[in-house]
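Please model the complete structure; the sequences and the hints are all you need to start from.
There are 2 protein chains.
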Amino acid sequence: MSLSFAILSVLVANHASGYDLTKRFNPSAEGSVGFFWTASFQQIYRELGRLEEKGWLQAQTVQQDNRPDKRIYSVTELGKQHLRDWITEAEKSPPVRDELLVKLNAGYLVDRPAILVKLKMHQQQHQQRLAIYEEIERNHFQNPETLSEFLQFSYLTLLMGIHYETGWLTWCDRAIRFLEMPVQEETKR
Amino acid sequence: MSLSFAILSVLVANHASGYDLTKRFNPSAEGSVGFFWTASFQQIYRELGRLEEKGWLQAQTVQQDNRPDKRIYSVTELGKQHLRDWITEAEKSPPVRDELLVKLNAGYLVDRPAILVKLKMHQQQHQQRLAIYEEIERNHFQNPETLSEFLQFSYLTLLMGIHYETGWLTWCDRAIRFLEMPVQEETKR
DNA sequence: ATGTTATATTCAATAATATGAATATGTCAA
DNA sequence: TTGACATATTCATATTATTGAATATAACAT
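Chains A and C, in that order, are what the protein sequence lines are.
Residue 50 in numbering that gives the first Met the number 0 sits at position 51 of the first sequence, with consecutive numbering throughout.
Residue 182 in numbering that gives the first Met the number 0 sits at position 183 of the second sequence, with consecutive numbering throughout.
Be a bit skeptical, because a hint or two may be false.
When chains are identical, the list treats them as one kind, so a pair holds in a single copy or across two.
Stated by the list, open to error - The calculated DSBU-like cross-link candidates involving lysine-lysine, where the alpha carbons are at most 30 Å apart (straight line), are:
1) K69 <-> K117
2) K91 <-> K69
3) K119 <-> K91
4) K53 <-> K91
5) K119 <-> K53
6) K22 <-> K91
7) K117 <-> K79
8) K119 <-> K69
Because the hints were derived from the structure by calculation, they are not lab data.
And the structure:
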């Protein structure tokens, strides 16, 4: 369900083709939904078809000289109303599923260096992700007080990303230090 | 895939029936996998069947006087080895999918009070969750330095939970303050 | 007795996601 | 001209996840 609304929310701000959308739903694409909702191109095209059928979207075929033709989608009034309703609805808390924590929880089954490697890799990934967010902040959100309404909400999602990654990083630090901690004297003897 | 290993990792520590497992995979169950991997009972029973077929688990039927009979599962050597291999493997970063952020990103489409209600509900939920984690910490992890190897890893997953919820909470605070901030003088006129 | 709750499990349908393959047009560089 | 990219979309299949329904035993309260 959410994917369709995520698509609507992107299209309501900017008309786009399926191909354009696939890029915005990529987790590593700059400044787009991909940061908090990912989808494959196959998913997106299927969903676009459904939404058009329901009349929530309308499409316009655009001939191009130097590219294959494309279909540009835009949100209808009906679609926009459904989007607004969905946003207002209460959402149930998403199912938690974290593979790393499942593995870590059973970490006593394998040797410690293997676990440490894993944690350090995660640390790096979160550092990189945080760096991206902070660059976006520097480039586009220097003065949060003066943002347009539209950008205020973008800013809040960016802030969440920063807090999220920071949380992971401080945990990674603590976890690594904890596991590298020398064994207590009593247990050594 | 992960679910099967999550099941193995629980069973390797304690033999259990399908019914026992369903409780451990509940997100609100105290001190269990449910905190980082949830699954419904139907999923669990199906997975148990598959794992038994593959010989990674073995089951023993236990007659009970005051209850329906049950099947107690335990992990075979084969299963244990596969579990260890899986833990050691590198995991790909999980797909990001956060419904709240999708909604918030399009928050300019609805009125601000509706968004604030949403944020405050989330704040409450995260507060409650954090309180649970902190209680577990107080009750079972007062002296992290003296924990058994097994419990050291439990402790680390608990720590992650605490950092995660703390990150959400500080963000909720900032986001709410930001949206409640009085409109700038220029934009008012 | 009747209804509710807890234990214990199975089957079926549907929805969502992931993966692989295929097709078509056009640019650009070796 | 061959190969590698980038644009643009479709179809098929497989795996997971969600939801609903069903069955059975037994405790416990009204």
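For K91 and K69, with the copy left unspecified, which applies at a CA distance of at most 30 Å: within, between, both, or neither? neither (36 Å within a copy, 33 Å between copies)
Is it within a copy, between copies, both, or neither that the alpha carbon of K119 lies no farther than 30 Å from that of K91? Result: close only across copies, 14 Å inter versus 33 Å intra.
From the Cα coordinates, with 30 Å as the cut-off, is the pair K119 and K69 best called within, between, both, or neither? neither (43 Å within a copy, 42 Å between copies)
When Cα atoms must be at most 30 Å apart, do K119 and K53 count as within-copy, between-copy, both, or neither? Neither. Shortest intra-copy (47 Å) and inter-copy (33 Å) distances fail the 30 Å Cα cut-off.
At most 30 Å between CA atoms: does that hold for K69 and K117 within a copy, between copies, both, or neither? Close neither inside one copy (43 Å) nor across copies (38 Å); limit 30 Å.
Tell me, please, which holds for K22 and K91 at an alpha-carbon limit of 30 Å: within, between, both or neither? Both: 28 Å inside a copy, 20 Å across copies.
At most 30 Å between alpha carbons: which applies to K117 and K79, within, between, both or neither? Answer is between: at 20 Å across copies they meet the 30 Å cutoff, but 44 Å inside does not.
Within a copy, between copies, both or neither: where do K53 and K91 come within 30 Å Cα-Cα? For K53 and K91, the Cα distance is within 30 Å only inside one copy (25 Å; across copies 35 Å).
Violated hints, listed in ascending order, are 1, 2, 5, 8; each of the other numbered hints is respected by the structure.
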